[in-house]
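From first to last, the protein sequence lines are chains X and Z. Residue numbers for the first sequence follow the working numbering, beginning at 5 and rising by one. Residue numbers for the second sequence follow the working numbering, beginning at 13 and rising by one.
Please keep in mind that the hints were generated in silico from the structure rather than gathered at the bench. This one's a predicted model, so the numbers in the text were calculated from it and none came from an experiment. Hints are supplied without guarantee of correctness; some may be wrong.
[Claimed, not checked] Not the full set, but computed from the structure, chain Z residues with beta-carbon under 7 Å of chain X:
no., residue
1, ASP29
2, TYR36
3, LEU37
4, GLN43
5, THR52
6, SER54
7, ASN72
8, GLU80
9, GLN157
10, LYS158
11, SER162
12, ILE166
[To be verified] Straight-line distance between alpha carbons at most 30 Å, and here's what the computed DSSO-like set of lysine-lysine pairs gives:
no., chain 1, residue 1, chain 2, residue 2
13, Z, LYS170, X, LYS160
14, X, LYS239, X, LYS78
15, X, LYS94, Z, LYS139
16, Z, LYS174, X, LYS51
17, X, LYS244, X, LYS63
18, X, LYS337, X, LYS322
19, Z, LYS170, X, LYS156
20, X, LYS63, X, LYS91
21, X, LYS319, X, LYS172
22, Z, LYS47, X, LYS156
23, Z, LYS47, X, LYS84
Here a beta-carbon is modelled for each residue, glycine too, at the ideal position from N, C-alpha and C.
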Amino acid sequence: MGYTIAEKILMAHSGQKSIKPGEFIQADVDVALANDITAPLAIAEFKKSGFAQVFNKNKIVLVPDHFAPAKDLKSANQCKILANFAKEQKIKNYFEIGQMGIEHALLPEAGIVLPGDLIVGADSHTCTYGALGAYATGMGSTDLARAYIDGKCWLKVPGSLKFVFKGKLNKWVGGKDLILYTIGQIGVDGALYKVMEFCGPVIRKLGMDDRFSMCNMAIEAGARAGLIEPDAITKKFVAKFKRKPKFYTSDPDAVYEKTFEWDVSGLEPLVACPHLPSNVKPVGSLKDIKVDQVVIGSCTNGRISDLRIAASLLKGRKAAPGIKLIVFPATQKIYLQAVKEGLAEIFVKAGGVFSTPTCGPCLGGHMGILTEGEVAIATTNRNFLGRMGSPKSFVYLSNPAVAAASAITGKITHPGKI
Amino acid sequence: MIIKGKVHKFSDDINTDDIIAAKYLVSTDPQELGKHCMETISPDFSQAVSPGDIIVAGRNFGCGSSREHAPVAIKGCGISAVIARSFAAIFFRNAINIGLPFLESADVEQINDGDIIEIDLSSGIIKNLTQEKNYKTQAFPEFLQKIVESGGLINWVKKSRKL
Chain X
5 MGYTIAEKIL MAHSGQKSIK PGEFIQADVD VALANDITAP LAIAEFKKSG
55 FAQVFNKNKI VLVPDHFAPA KDLKSANQCK ILANFAKEQK IKNYFEIGQM
105 GIEHALLPEA GIVLPGDLIV GADSHTCTYG ALGAYATGMG STDLARAYID
155 GKCWLKVPGS LKFVFKGKLN KWVGGKDLIL YTIGQIGVDG ALYKVMEFCG
205 PVIRKLGMDD RFSMCNMAIE AGARAGLIEP DAITKKFVAK FKRKPKFYTS
255 DPDAVYEKTF EWDVSGLEPL VACPHLPSNV KPVGSLKDIK VDQVVIGSCT
305 NGRISDLRIA ASLLKGRKAA PGIKLIVFPA TQKIYLQAVK EGLAEIFVKA
355 GGVFSTPTCG PCLGGHMGIL TEGEVAIATT NRNFLGRMGS PKSFVYLSNP
405 AVAAASAITG KITHPGKI
Chain Z
13 MIIKGKVHKF SDDINTDDII AAKYLVSTDP QELGKHCMET ISPDFSQAVS
63 PGDIIVAGRN FGCGSSREHA PVAIKGCGIS AVIARSFAAI FFRNAINIGL
113 PFLESADVEQ INDGDIIEID LSSGIIKNLT QEKNYKTQAF PEFLQKIVES
163 GGLINWVKKS RKL
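Build out the structure end to end from the sequences listed, making use of the hints.
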C-alpha cells in the first residue's frame, strides 16, 4: 500500500515505518510559529511549565502581524511579550515591523519553511505552506508551548481527499477561484480533519502565489492541511535558500478517502457571499451589490502577482466616489517591489491607500473596520458575521481582479467588464 | 466526572469570531474574554450563563481561527462543557489541551434550549433530565483521555518526561 505526501512527511517526522489515518503520533516539528495574538498565551504557558530554555531557538518563529504596528496600548503590550521572549531565548526569527510581513507570506519568502517540513503554527492559516509540499497545520497556543518545551506535537493522522482540476482557466480566474469553487462544492466542513491534496493539469500551471492562495483556505473547508506536490515551479521557488528541502510525492497507490475530479474550463471568477466562505456564486450572477470598502491584500492575496493583477485594472482609473480602497501588501519585500514597479503609485492615484503589512483589516482588528450597514469586498479568507467589524456589516470574498474591478464601479463587478 | 447544567443551544458552524470577536484578543484573561463570549450572535449570552451551564451545538463547532481564546472564553464565562454534532479540528485540540470538557453526539437535535442535562464524561452518557432521555456518545480515544486526566497537555508532557 502506498502513501500520500502528507503521510510520508508525518512518517519521516515521527520515526515510524508505517502510518495509518486515525492513529495518534508524536512528531518532531521543523518550525513552530506564533503571532502577537497567540504567542502571549503560548509564552505564558511555557513559563508556567517551569522549563527555562526552548528546545531549539532556531526553529521558533515569532511574527507580530495581527495588531501590528501596535493598534493600541494592549496590543503594544502583547507585541512586547514577543520581543522580550525572543531576546531572552535568543530567537533570531523574530520580525520587528520594519522586517515584518504577514506570517504566511513572510515565511515562504524568507525560506524559513521548505518542502518536506512539518510546520505547526498557532494560526489557522498555517496550512498555506502546504503549497510547497510541506505538512503545515494550525494549532493552539498550548500546542505551541508544548513544542517550545520538547519540539514535538501530537497529531491524529488525517485521511486524505484528492482534488483533480482539469481544463483551462479563463482569464481573471486563479487559485482563489479554485479554492472558493472547492469550498462551495464541499462546504465549510467538507474536509473536516482531512488533508486536501490539490493536483491535475490546472494546478501544474499555477504559479506559487496562486498555490499559496489555494492552500491558505484549506482550513475554510475544515481541513488540517492543503497540499500540492512539488514540481519544477516549487523547486525554482526554493532553489535560492540555504537549508535543503525534501521533495515528497504521493505514491500511485496511495489511499484517498475520496477523489473529486472537476473540469474548471468554464469557471467564472467567484465570490463568497455573506456569511460563509462556502456561499459561493459566480461574479456575473451578483447584480447591483454596492460596496463601501474594497480590501486587497492579506495572507490569501497580498502577494506581488495579486497586486500586479489589481494594478493592471486600476491603472489610469479611479475608485468610484465614496469607495474606501485599502491595498496592503503582505510583506515589506512585496511592498518595496510594488513601489519599484510603480504599483503603489497606481493604487494611490486611483484614490486608494497603500498600507504597511498587517493582518488588521482581515479580522476586524484595525486599518479598515466596517461599521453598521457597510459592505466590503475583500481578497481575504473569511466572511463570518462581524468578521471585519460590526455584526451588521457584510463581507464578500473574491480574487484581486474582482476586488479591483469592484472598486472602479462601486459595485461587485466582473473584471472583464472594465 | 459528572457535569450537570442548563443547555444553551446553538446552530451549525459556530465560528471562533462568534465565540470571541478579534477585537477582544488583546487580552488573555479568562474572565475578561468570558464577558464577551458569543457576543456577536447572542449579545446577552454571558449574563444568561449560570456557572456550570452547557453549550449544545450542531456541526463544525469552533470553525475558523486557531485562537485558544475561544475555549478559554467559553470556560471563562462559566460554561462547564460543550456538546456538538462535530467540532472543527483546531478547536477540538485546543479544548483537549486546556481541559474544557466536550463530547461529540449525534443526538444534539433532540436536546432543547433550557433543558437540564447531566454528562458522565468517563462513560460518554448524556442524561436529559428535562426530557427523561439518555443519549450515548463515543468515549475519547485513550491518548486523548490521558491528556484530559493529566489536566491538560503541558501536564501530560511533564508527566511523560518524568517516566
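### Message
Take the shortest C-beta to C-beta distance between THR52/Z and chain X; is it under 7 Å?
### Response
4 Å, holds
### Task
For the pair supplied as a hint, LYS170/Z and LYS156/X, confirm whether the alpha-carbon distance does not exceed 30 Å.
13 Å, holds
### Query
Measuring from the C-beta of SER162/Z to each C-beta in chain X, is the shortest one below 7 Å?
With a closest approach of 12 Å, the SER162/Z hint is violated.
#### Entry: Cut-off 7 Å, beta-carbon criterion: hint that GLN43/Z touches chain X
Result: violated, 15 Å to nearest chain X Cβ.
### Query
Going straight from one Cα to the other, do LYS170/Z and LYS160/X come out at no more than 30 Å?
Between LYS170/Z and LYS160/X the Cα gap is close to 21 Å, so the pair holds against 30 Å.
### Query
Would the pair LYS239/X and LYS78/X pass a check requiring their Cα atoms to be no farther apart than 30 Å?
42 Å, violated
### Message
Min Cβ distance, TYR36/Z to chain X: is it shorter than 7 Å?
### Response
Violated, about 10 Å.
### Query
Does the nearest C-beta of chain X fall within a distance shorter than 7 Å of the C-beta of ILE166/Z?
5 Å, holds
#### Entry: Restraint satisfaction for GLU80/Z [CB to CB of chain X, less than 7 Å]
4 Å, holds
### Query
Is the straight-line distance between the alpha-carbon of LYS63/X and that of LYS91/X 30 Å or less?
15 Å, holds
### Task
Verify the proposed pairing of LYS94/X with LYS139/Z, using a straight-line Cα cut of 30 Å.
52 Å, violated
### Message
Would the hint linking LYS47/Z and LYS84/X be met if the CA-CA limit is 30 Å?
### Response
Satisfied, since the Cα-Cα distance of roughly 25 Å is no more than 30 Å.
Going down the numbered hints, you'll see the structure goes against 2, 4, 6, 9, 10, 11, 14, 15, 22, while the others check out.
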